[in-house]
Structure formats: structure tokens, C-alpha cells
Amino acid sequence: MAEPAAAEHLKRTPIYALNVELGGKIVPFAGYEMPVQFPQGILKEHLHTRAAAGLFDVSHMGQAFLRLENASGDVDTRHDAIAGLIETLVPGEIKGLKPGQIRYTLLLNDQGGIRDDLMVTRPADPKFAGTLFLVVNAGTKDADFAHIAAKLKGRARLDRLEDQALIALQGPKAAKVLERVLPGVAAMSFMTIAPFTWERAQLFVSRSGYTGEDGYEITLPGNIAVPFARVLLADNDVAPIGLGARDSLRLEAGLCLYGHDIDETTTPVEANLTWAIGKRRKMEKNFPAADIIMGQLFDGAKRLRVGVKPDGRAPAREGTEIVDANGAIVGRITSGGFGPSVNGPIAMGYVRPDLAKDGTPLGLVVRGQTLPARVAPMPFIPKRFHKP
Amino acid sequence: MMIETRYTKDHEWVRLDGGIATIGITDYAAEQLGDVVFVELPKVGKAIEKGGEAAVVESVKAASEVYAPIAGEVVEVNSAIEGEPANVNAEPMGAGWFIKLKVKNAAEVGALMTEAQYRDYLKGL
Chain A
2 MAEPAAAEHL
12 KRTPIYALNV
22 ELGGKIVPFA
32 GYEMPVQFPQ
42 GILKEHLHTR
52 AAAGLFDVSH
62 MGQAFLRLEN
72 ASGDVDTRHD
82 AIAGLIETLV
92 PGEIKGLKPG
102 QIRYTLLLND
112 QGGIRDDLMV
122 TRPADPKFAG
132 TLFLVVNAGT
142 KDADFAHIAA
152 KLKGRARLDR
162 LEDQALIALQ
172 GPKAAKVLER
182 VLPGVAAMSF
192 MTIAPFTWER
202 AQLFVSRSGY
212 TGEDGYEITL
222 PGNIAVPFAR
232 VLLADNDVAP
242 IGLGARDSLR
252 LEAGLCLYGH
262 DIDETTTPVE
272 ANLTWAIGKR
282 RKMEKNFPAA
292 DIIMGQLFDG
302 AKRLRVGVKP
312 DGRAPAREGT
322 EIVDANGAIV
332 GRITSGGFGP
342 SVNGPIAMGY
352 VRPDLAKDGT
362 PLGLVVRGQT
372 LPARVAPMPF
382 IPKRFHKP
Chain B
4 MMIETRYTKD
14 HEWVRLDGGI
24 ATIGITDYAA
34 EQLGDVVFVE
44 LPKVGKAIEK
54 GGEAAVVESV
64 KAASEVYAPI
74 AGEVVEVNSA
84 IEGEPANVNA
94 EPMGAGWFIK
104 LKVKNAAEVG
114 ALMTEAQYRD
124 YLKGL
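Going down the list, the protein sequences come from chains A and B. Converting from the first sequence to this note's numbering requires adding 1 to each position, the first position being numbered 1. Converting from the second sequence to this note's numbering requires adding 3 to each position, the first position being numbered 1.
Chain A on its own, in the form it takes in the complex (with noise of 0.2 Å):
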């Protein structure tokens, strides 16, 4: 639990008063007032996501338009010069974007650690050509938006969208709820962002999510998230949802959480994100670190990021020690707990890489005591992404 004394600190997203009022139980996270849970609880919360369709305030997380400081030549031109710059920073292909399209990446450190993990997307307007959309981790936006605008001064501008809201609106029913309110988004696919108008306010709706479920992430005006959530929630299908499922929903997913499964001492390769490095950045090797990420590439890391499952029902928590057949200490879990749709233990963690096999027999201190456990395939649940 973080100090009471720090609560005067604490911002709050312009849901919050909603958030209240659902009967959310209001935790400090990131230095924001947020709803672990509402009254259903997680457990209920989670199930409703993966059969229906669950709301987040996810205002937290850090919105901002990247553009060219002098842009110039056609559309693919600016979207060239502007991806080539945040290719400076990140592993991921950004200059084959097509217009409306996202991309999950990485802001590396010198060393290949992971300072942070985001998404990037190619707006599909015209007239924003030349211009990049962020989303990254409410708990580092600060140094993540301060290392951007840094590294590439004079030749791109920052702009935070702080008077932006973003709600996730997650599960197998948000395409059917969300086409009532901004017809057309059914029709989006998966990783795409496209505008909307509501209530003559311009929205952007992105098709992503961090559920492992298909669903929507819509970027509005702070002063109409309120009556826009209000009419999304007025759906019989629609939940409120908090942080405690939100977590478990991920970890089901197999995603990473930052700071917990990805830091600045881990690497995509470690963390088993190479996915995340484009093709043409191997080639041409000009991302940060990419002597000491593609020597990994090619030799092997030291660790390797592994799905767990432990063999009984006790969950085994962050900071777990993992233990080969011998006892000696093999890594550590860095994300661990129950998953609701798995009914079961799931947990994550780092491992020596001759013991990453799917299957590996491992163990785990818990309490004192060994349990047994396996290295098990993500996600720990089938992915509904969205597919046209």
C-alpha cells in the first residue's frame, strides 16, 4: 500500500468523479487516484470482460502528438522524416506504417534496456502527415515524453494531449456496443485508428487493447468523458472495470506490465519481444543498443522471459524464486497470481535459457516451500483479437 500522506499529491484522470460513484475502490497508482476495483470485484470483473465488455479509465496513461519542427514534401515524406527520427529511440518499423496504423514498440536505454513500452501510430488523416500519436505508461510518461523531446530537439515537437481522456472500452461485445454510439468502428481492424465525431467533438478511436480481447481505445476530450462513458455504461453489456482485473487480464494475455516484467534492465530479447524489432531494423542496425540487442539475437540471451504455471493451486506472486531440479536459483517471477478465466494459477518470470522450454519442470518458493511448476506457452488464454 502506498502512504496516505501522499494522497494530497495525487492527480486525478476527469473520470474520477465517475469513477466514485460506481463504487470504485480508489487506490493511488502512478500518481493517480484510480479504481482498483468497483463492487462487482475482480474476479467477476474479469469474466465480465472475456464474455462481454468492460470500460477502463485508462486517462492515466501518457497521450501526446510527436510532430516535424519543418515539415515538408508529400504525405509519405513527412510520415518517412518523422518515423526515421522516433526510429532513433525505438526497435519497432515505423517508417512502413500504413496511414491509421499502430504498432506496439520499445524506448530503449544505451545499454538495450527497456526504458519504457508504447504504442505508435500513424494517424490516418492527411493532414496530420508528418505527425506521430504516443501512448505510453502513465507511471514513466514524464522521463519517456522528456527523453523524446530531448533526443530529438530542433527537429521534432512533443505536445502532450493533457486535456485528453482515454477510455478502453475490452471484450468480445465492444464492437457491437461501440457501433451504436460512433457508427462504422465494427469495420475497423485490429490495430488501426481511425477519427469519429460525437457530440461535435473530434474522438480517436483506436482498434487495441491490453486484454488479450478485442476492443476499442478511444481518445476524447477530458470534458465529455464523463457523458461519453455514461452512455457507453447505459449498455446492459457494459461493466466498469478496475486496475485488479485489468492486471489479471493481461497477465492471462501474456502481456508485459512495466516495471514488473520489463525494465531498464531487461532487453526485447530477454523479454522475448523481438517480435517487436522490425525487419529492416536488423538490417540496418540504428536502433539504440543494437550491437548488444542483436549479439543477443544471434548468441543467445542470459535469461529469457517464460510463461509459468504452477502444477497445484497455490499462486506464486512477483519476486518468487524460481528453482531447477537441484534447488539452485534459476530467475525470479515478476508477475504472478490467479487467472480468473484459467481458473488457476499463471505467472511469468525470468529464466536461464536451456530451462525456457515449454513444459521445463521448474520449482517455486512459496513460503518456505518448493511447489512445482512448468514453463507453459502465452497467452495462458486464446487471443480474440479482431480479424476482418
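What the hints contain is simulated information worked out from the structure, not anything from laboratory work. All clues given are correct.
Footprint (simulated), chain B over chain A, 3 or more residues, beta carbon under 8 Å:
#1 43–50
#2 311–320
#3 335–342
Remember, predicted model here, so these are calculated numbers, not experimental data. Ideal placement from N, C-alpha and C gives every residue a C-beta, glycine not left out.
Please arrange chain B on chain A, whose structure you already have, making use of the hints.
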């Protein structure tokens, strides 16, 4: 005579009946924990000191220890909640009990809060 239930500041309840104390967690504790997904109970025959670890209860979010409010020997555990941890949330003061202890010193039970005292204690939280 009705059997009295006593309470602790850690939100456990104790019901003493003929030298055997049944121990569980209160409605308040169950509510605070959220959905219980795992319970670890001690072995029958184990001697537990006052303040010693009596059980572990885990919700989706976190693990918590249940400490024995009194000393004694474990004579029975509620295996039903190991199989169905949700019973702890459904009926924390009844079917969701944790363990039964053969009490070493009945005065330790008498020193715990009465129901009225516990209610006052909750108001102050």
C-alpha cells in the same frame, strides 16, 4: 447458553465451545480481501503459538496471512474451503471458518474484543 464470538484487530473471529475454538475471518476482512481464490491451512496436530501463522488466504490480487489470536493445537481444519475458496466470501462467519484449536489458555479468548467492541473498532477505521 449461547456461544459468544470474540474478535481481533486483525479481523478474525474466535468462537470457544468446550475448550475448542473455531477461528475464521470476519465479514469485513472477507470484503476487504475480495474474491478468495486459494486457502492454505495448517496440518491437524500442529501447535500454534499466539500470533503464529495459522493460515494463508489469497485473493486475485494478493496473499495475506491469518495469525492465530490464541495459542493451541490444531484439531480440525475446514478442507471444504481449500476446495471451494469462494465459501470464505460467501459465509465468512459460518461455513467459511478456517481452523479449530484445542485452546491452551481460555483467558486469551476472554481478552479479545466483544462484538460491540469490534463494531466500535470498525467505525474508527
